[in-house]
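*Asks:* Sequence:
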Amino acid sequence: MPLPVTKVFIAFDLTASGGTFFKLNDTVKGVLNSSFVLGGDVLTDVTRFVESVSVNRGKSRELDRYTAGNASVTLHNESRIFDPFNTSGPFFSQITPRKAIAIETNGVRVFTGIIDDWDLTYDVGGKAYASVSAVDGFLLLAAAELDEFTATSQLSSDRVVAILNRPEVAWPNSQRQIATGLTTLQADLVPENQNVLSYLQTVETTENGQLFMNKSGQLTFKNRLTIPPLSNLTIFADDATANGIGYTNIGIVYGTENLYNRVTVTRAGGLPQTADSFTSQSTYGIAAFSQDGLLYTTDAEALALSRYLVGLYDEPELRINDVTVVLENKTDAQIAALTGIEIGDVVQVKFTPTGVGNQINQFALVFGIKNSVGVANHQMTFSLASVATFPLVLDDPIYGRLGGALPVYDSATTSYDSALVNYDGSEQFGYVLAF
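Residues 276 to 710 (our numbering) make up the sequence shown, in order.
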């Protein structure tokens, strides 16, 4: 099967060189309602120069915050077309940072971002390359600062929108995908020069939701009860009868990287609220985790979160950590399924190690996606987390599991009800996460 087609587009202003731009009195380019644009930066296909592409989006660990997605593109530059010193080049004066870049595979967007760096290399044998380093929109939010103002008490999603609407941020409406939040935040004084991304991530943590840039370049905010749809569930399988997508490598972990048996949550203006799992501590020692400066309105809400997190992470978890797939031997439908996977989606993995014993069959949350593209290969790696972080939904084949310390979601009251869940083997915590 042929290698999927990966294309790279970089925004250049080609007005000076004519190109496909509107031109007054021209019999072709001057026709109204034609395909010719007035000018400015336009995404330009540079795929014919591409040597390799890599894209990395998501986060490294379950309880980390999402970081900026990044991409690297290596371009052949023997003609010095991407050399900012080449005054006769078609892109002269356009080889600069902060140019938009987009990457697609078989017509599906896999990365949208901004060029942060151009690096040029030449060797004595005549080979020349231009290496492009790009970052997604988190780059702009991390570089912006807020003026001092007092935020009103409001839902987490309304706070996100209020920050994006601030004149010193002015984030475009077309580049947002904001779900309605479930947590009411306190009114707080936002200090002068508060970093925009850092503040938005504090809102994310308070909601216990997700904040990231999607592959189309939209700032995406999901509340804590966002349950990924299962209508187009992608299945990875080493069994041809399972109707799944084959993979080349799979990683399984059983360790303490997500083990936390003492969790402390502190809200802004509040006291530290700590929950302990003493049975876990006696077995594994104390493994502490803390979240500070959250925007809850009461300490009780902070305590509820600390208890909830202890209930999820007080035991090591045996789980599938990552799956790697090569695309060059996949059908168009399988490639479409793979490139369609987004951060926050759920996948199913079926795996029988070395073909011995019972099959491992797990559902997993995607929290990281990597693309590595060469001249004759395209590899994708999906970083995975447990779906135990989602609320239980009765009769659902994935989220309908009974037993254990998984909170129960009551859709009528939009709350978690974890009463009588025994987290430490000796003491029962009864609480409702209804904030």
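Be aware that a few hints might be false.
What the hints assert, rightly or not - Taking lysine-lysine and the PhoX-like style, the derived pairs with C-alpha atoms no more than 20 Å apart in a straight line are:
| # | residue 1 | residue 2 |
| --- | --- | --- |
| 1 | Lys645 | Lys282 |
| 2 | Lys605 | Lys625 |
| 3 | Lys282 | Lys625 |
| 4 | Lys605 | Lys645 |
Stated by the list, open to error - Pairwise CB distance ranges (calculated):
| # | residue 1 | residue 2 | range |
| --- | --- | --- | --- |
| 5 | Arg384 | Pro442 | 25 to 33 Å |
| 6 | Leu593 | Asn361 | 54 to 62 Å |
| 7 | Ile502 | Arg373 | 47 to 55 Å |
| 8 | Pro628 | Asp398 | 29 to 37 Å |
| 9 | Thr322 | Ala437 | 51 to 59 Å |
| 10 | Val383 | Arg336 | 22 to 30 Å |
Derived by calculation from the structure, the hints in this document are not laboratory data.
Glycine included, each C-beta is placed from N, C-alpha and C at the ideal position.
*Asks:* Hint by hint, which ones does this structure get wrong, listed from lowest number up?
*Replies:* 3, 7, 8, 9
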